[in-house]
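A.B. asks: Take the sequences, apply the hints, and build the full model.
The numbering of the sequence shown is this note's numbering, which starts it at -15 and goes up by one.
Where hints are given, some of them may not hold.
So the derived label-pair ranges between C-beta atoms look like this [to be verified]:
#, residue 1, residue 2, range
1, Ser(-7), Gln221, 43 to 53 Å
2, Tyr223, Ala(-10), 42 to 52 Å
3, Ile147, Leu235, 28 to 38 Å
4, Arg126, Gln221, 41 to 51 Å
5, Phe220, Leu13, 14 to 24 Å
Treat the hints as calculated values from the structure; they're not laboratory data.
The beta carbon of each residue, even a glycine, is placed where N, CA and C say it ideally should be.
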Amino acid sequence: MQCRHAAVSSLSGALVVGGAAYLLRQSRLCGQYGRYAQAGSRCWPAPLAWFLQEVPAFLVPLLLLLGSDAPDQGTGRTLLLWTFMLHYFYRSVVYSLLTRGRPVPLKIIVSCVIFCSVNGFLQGHHLLHCAHFQHTWLSNARMAAGVLLFYLGLTINIHSDHILRGLREPGVFVYRIPRGGMFEFVSGANFFGEIVEWCGYALAAWSLPAFAFAFFTICSIGPRAYHHHRDYQQRFQDYPRSRKAILPFIL
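C.D. replies: What follows is the structure, given as structure tokens:
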């Protein structure tokens, strides 16, 4: 499969536009799943929903990798592709088995399946067929810093998920103040971790598709962290006043 730069640019542009539109929409109304789901929505159990909606971003790049006829895929691009896939393996397999979240509306699942399929193809196709890395990529400070940021964000994301799971018993949907880890600084510690992940990935990949995805992530889950922050403040009179929504000490 040859690289088609026009298609890559178009899909990347669509991510940027979609992210901006999503940001504008969420400035008025938070995504309607979890605690914000509309009553009467047709929902699927959270474990099945998270698996179905996230797994395309793991499987699509994997199929591209297995079906690639590139004579030399290169260590740099393969490392970044597996880095991208690692997050979605965690999210679709590990997280889906452990989650105690609320059922997810079907329309949310469908939209996520579409997004993860398109984005998985975009990132996988670009890395396998378009990206070029120098032989000195291992000594590249930007690449190293980006990969380090990704794994730091992944660690924060996983640890924050663990804290949130510990706040409720299976099948019991109550809300408590999360404490520990990055939750001491921000209400959306899990979202903060994911934003750090994809900013690190974009820094390491240094490509339009990677930056477009990082921008979309910030626009989609950043506002959700703000809505969570406001919800916590309204629910709990003793909610820590020093805690920010998404960026420690700033926002």
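A.B. asks: Which numbered conditions among the earlier hints are violated in the structure presented, ordered from lowest to highest?
C.D. replies: 3
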